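Undergrad: The lines below spell out each chain.
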Amino acid sequence: MTAVLNNSIVQRLLRVPPAYYVFTILLITLWVYRPAMLNPNVLGVFVRQNAPLGVLVLGQLIVMRVKSIDLSGGGIILLVNYFISSGLFPDASLAFFAAIALGTGTAIGLFNGLMIGKRHASAVIVTLAVSIMLVGLVQFLSSGKPPGDVPSFLNDMYDTKLGVVPTPVIFWAFLTLIVAGLLSFTVFGRFVDSVGESAEAAHFSGVPVERTVVLAHTIAGFIAGLAALVQTASIAVGSVRVGLDLPILSVAATILGGVVFGRGEGGVWGPFFGVLSFTFLFVVMTAFGVSDPGKLIAQGAIILLAAIFYGVRLARSR
Amino acid sequence: MPNLVELSHISKSFGGSLAVDHVSLELFGGSVHALMGENGAGKSTLMKVLAGVYQPDEGEIFKNGHKVSFANPREALEFGISTVFQEMTLLPNLTIAENMYLGREPLTAFGSIDYRKMNSDTQAALSELGLSLPPQTLVSGLSIAERQFVEIAHGVKADASIFVLDEPTAALNAADVEVLNKHIRRLRDAGKAIVYISHRMEEIFNICDTVTVLKDGKLVGTRPLSEMTPSSLVAMMVGRELRDLFPSRGQGTNGLLLDVKHFKIGASTKPFSLQVHGGEIVGLAGLEGQGQQKFLRSLIGQFQPFSGTVAIKGKALPLPVNPAWGVRRLRSMGVAFVPEDRKEEGLFLGLPIAHNIAIGLHSARSELAIAKNYRQLIADSIKSLNVRTTGPQAHAGSLSGGNQQKVLLGRYLAEGVDILLVEEPTRGVDVGAKSEIYKLLRDFAAKGGAVIVLSRETVELIGLCDRILVVHGNTVVSEMAGASAAEQDILNAALNAEAVVEQE
Amino acid sequence: MNRGLLRLLTGGYGRQGLWLAPLIVTLLLAGFLTVRTPDFLRTENLLNVVAQVLPIMITAIGQTFVVIAGGLDLSVGSLISFTTAVLAMDGPGYILIPAAFAFAVLVGLTNGLVVTRFNVHPIIATLAMQYILLGAVRLLRPVAGGTLPDIVLESVNGAPFGIPMALIWAVVAIATAWKLLYGTRFGLHLFAIGGGTASGNEQAARNFGVSDKRTMVLAYVISSCFAALAGVYLAGRISSGDPNVGLGFELDAITAVAIGGTQLSGGIGSLPGTVIGALVLALLSNGMNLTNISPFIQTAIKGAILMAVVGLQSRKKMGL
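Sequences listed follow chains B, L and E, in order. For the first sequence, my numbering begins at 2 and goes up steadily by one. For the second sequence, my numbering begins at 832 and goes up steadily by one. For the third sequence, my numbering begins at 2 and goes up steadily by one.
These aren't lab readings, by the way, just hints derived from the structure by calculation. Note that the structure is predicted; figures quoted are calculated from it, not measured. Please note that a few of the clues may not be correct.
Stated by the list, open to error - As a list, the in silico SDA-like pairs of lysine to any residue whose alpha-carbon atoms are at most 20 Å apart: (1) K317/E to P1154/L; (2) K119/B to A1155/L; (3) K318/E to S971/L; (4) K317/E to I975/L; (5) K948/L to K180/E; (6) K1144/L to H1093/L; (7) K1046/L to T1306/L; (8) K317/E to N1153/L; (9) K180/E to G942/L; (10) K317/E to H121/B; (11) K317/E to R314/B; (12) K317/E to P923/L; (13) K180/E to G1263/L; (14) K214/E to R120/B; (15) K318/E to R314/B; (16) K317/E to K1144/L; (17) K1046/L to S855/L.
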């Protein structure tokens, strides 16, 4: 066992995020058994459905890289959805809604960041509490009833395509590119690497540790605002439940993509393929007639295996 | 007389570097055995093997002639080996009694923990050591000295026959040291074997019978202390080539770079002043935990000094410094702080050497700035530091201790600052790397920089520094020139100051 | 404000953490409800509060064991649903009840082993388990239904000697947990492990000879078993197996634990704190029902209380 693990090729293979393996296996499975499903239009629809998750993952991976977590994305999506669909702002423009979504997300992200970075409060509890408060607030404002319709221009945009690729998917990929650039080319990216590896060493290197954590959460909040826009556009009507499972799913996709608390080998594209893997898992299982519960089990098993894969590697590298 | 414990040809390595290399050691009942050597000589590693913290790669341990092995410290304790480590091993959220009995708690007839027995026995063990702490006190509420005594009481309570005390007096004041010595003598008279690790010569000659010296993981020799003198012991520890390790001293100084006036670390400590000029290396010497580190770390805000003024290149540093911003604040004024613990506070072991060096430069810039790659600078650094590595992308964790220390120093040298505050520049570093590090520091000074060095190794300070300030009781008690200072003078200065404090 | 008082309020003393502030909140809530509505103090209503709080309280008690040792168990919600589904499988109680608990032990063992042996972060390991169990329960029972063994119904809804079963359940659950946490070596070892983890020295407890991995696994098993217990109780109350009944329970349980002053970094916390935390949640929802305040604001208040509690505690290190 040890000999096998010490082999340099095995070592290198172990360093590839599990998402790439899962994605490749699923793609080959489809190609061999259900080639008809590999139609860009069909796949586009499936991938588009996961665009909100994909966007949210971008924020999640940044905070997980600094050893934190953000469970408040669901609350942010719900609140933004309420603002847009409740008719509070009739005849408002896209720019107005975008400003509201991003403003809300950023403010909440900043609050999370201050509580976690400055107060050193537990990240799980803070973001969970924020989410609970936001859900409660929306329930209170809407008295538990779904609010009205989403302005049609949002949904129309959601349905557009650029060639065969749906616009939301392009938006998601573009955003991923930006976050990848942020993390690999800016000083902030270096700070994130440092804080994730060792907050103590980062402090003595002159890295503003607290500010990095606050900023990471603020960016995650901003990105959650974007995810809320995409999610709202996708469902056309208001809801008091939309997006609540997304934060947990985003944690799962991030892990599958090779980013675990503080360690970022998976980069930004690992989690991107993590989300794609979830999508394709769904497609493959549907193609094979696996029921929804079966999909949940498979999803859980894949997360578990990916995590064990990392755990074993980590234990080895110590 | 048969030995109580024998360590036979023990070897232990970490990631390729051999920390202990075929060392044998015999311990006898009724004897206090000093274990000496520079930091990183392998003393602590050897004792951790004896205590069951590490498993030896090679070699065997015999207790009363029988071969034994321990998977963890608990098992070692069952074999009668009790260890008080340098770093705190007590659990802060448990009471004294719970810590004393953790892992072997007495039970009542109903299977509950017998707190009554635990507390009363702990009380008894503590009062035997002259401590009047309530056993229900949480360890987090104890002072460092009190924690040390609790650890010793732990061994006494477990009825151990071998006690390993790894720098037990590091954090103790003179009165506490006296209490401790009394107990060590009592344990000795009761036929126990005691291993005593300390850097304080005075104590070694006071209390120990035999001394074993380690150097670079190897056994130098074991001698009765009656045959030794402090200077012959030092010679044994550092070897004869000591003088060759150090670069020649500085050629005079230029402008005043760091000016500290009327600095009071605590409300009731004596104020002191110190000046450091460009071109000189100033050492802070003294017994462990006498305020050297507190002074340096109050400059980065880790401690809040009581009063005083600090001027860096003529500009005032407002005190107290905000702990979250201290390192950055100093950096912006041209001062770099090199922390002592390179594994925890210093390096990013899982990240490339390149990152470890460049992060100091990155951190002086705005978050949203584009990160420069500093490729040339990193390559030059690795070259001038003489880091032995496969390349800048190798992880810092893959390097040997000496090369790690050079990388750490390289980070701060690359920042282009004028003043270096260095804690323990050569902790756990082999002789070759030590010499290179001394040269790097001297070169920095020769280019007009000022260096303050804090070290537990007096010999190092004497060899390296232009001036040595002896710190005791949170204040500077004496100053001497490095060229003419002797280890004994420094120790005397500290101990005399102690005597004065006692009289007051 | 007086420093000592502030420390007491924020749990600066002892390893029980912050418990006084939540207790005051509980008393204030109870006081407010007593004044606002005469119905609150009626025995019937108080029993109702107990019955309402019980499942969350039991789950949270189990969670407390894991959290004190520095872990977290997110799989309990799905396990609760799964337990109700197993009990509603139309079989005899003497088979189904042991089967449900055996399964819970299996889940706890898996969680514990994955966390301790494979170095997987507890959030990740138990999150994956949550998905797997959610899938499994929906396979087993896609929609609510089925009949339960009589013994389950009786043990939940009966009232021997006029004592309502809910009260008995509460007493038994708390007493069992009390014995485990405060009356055994195991309990002390949980604090030791958590204290080591929180202070950054994960080896600390092991160096004292505490078998930390085994203790940790046992903590997860206990959490699972308490979740199964909550599942049995819930099944009895709704008289069916329901794949969705446990949704969100893990978050409610963690909320109760955190309100009770137990710190997620481990080593600091208490059982009474958790009970108080669960009571706060129950009084909130009961109070909203009794008074004419919109029931929809109670979720927001719950979140606000949680935030206030976590904001009061200050920790040295950042972290999850």
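Undergrad: Please go over all the hints and tell whether each is borne out by the structure.
TA: Quick rundown of the hints versus the structure:
Only pairs whose Cα atoms come within 20 Å are accepted, and K317/E paired with P1154/L is accepted, the gap being roughly 12 Å. At roughly 10 Å between alpha-carbon atoms, K119/B and A1155/L fall within 20 Å of each other, so this suggested pair holds. Distance hint between K318/E and S971/L is fulfilled; the C-alpha atoms sit about 16 Å from each other, no more than 20 Å. Distance hint between K317/E and I975/L is fulfilled; the C-alpha atoms sit about 18 Å from each other, no more than 20 Å.
Distance restraint check for K948/L and K180/E: the Cα-Cα separation of roughly 19 Å lies within the 20 Å cut-off, and the hinted pair is therefore satisfied. At most 20 Å may separate the alpha-carbon atoms for a hinted pair to count; K1144/L and H1093/L meet this at roughly 17 Å. Proximity of K1046/L to T1306/L is assessed by CA-CA distance (about 32 Å); at most 20 Å being required, the pair is judged violated. A C-alpha spacing of about 15 Å is found between K317/E and N1153/L, which places the hinted pair at or below 20 Å, so the restraint holds.
Taking the CA atoms of K180/E and G942/L, the gap is near 9 Å; set against the 20 Å cutoff, the hint holds. Proximity of K317/E to H121/B is assessed by CA-CA distance (about 7 Å); at most 20 Å being required, the pair is judged to hold. Distance restraint check for K317/E and R314/B: the Cα-Cα separation of roughly 30 Å exceeds the 20 Å cut-off, and the hinted pair is therefore not satisfied. Distance restraint check for K317/E and P923/L: the Cα-Cα separation of roughly 13 Å lies within the 20 Å cut-off, and the hinted pair is therefore satisfied.
This hinted pair does not check out: K180/E and G1263/L have alpha carbons roughly 59 Å apart, beyond 20 Å. About 31 Å separates the Cα atoms of K214/E and R120/B, which puts this hinted pair outside 20 Å; it is violated. With a CA separation close to 26 Å, the supplied pair K318/E and R314/B exceeds the 20 Å bound. For a cut-off of 20 Å, the pair hint linking K317/E to K1144/L is broken: about 34 Å separates their Cα positions.
A C-alpha spacing of about 13 Å is found between K1046/L and S855/L, which places the hinted pair at or below 20 Å, so the restraint holds.
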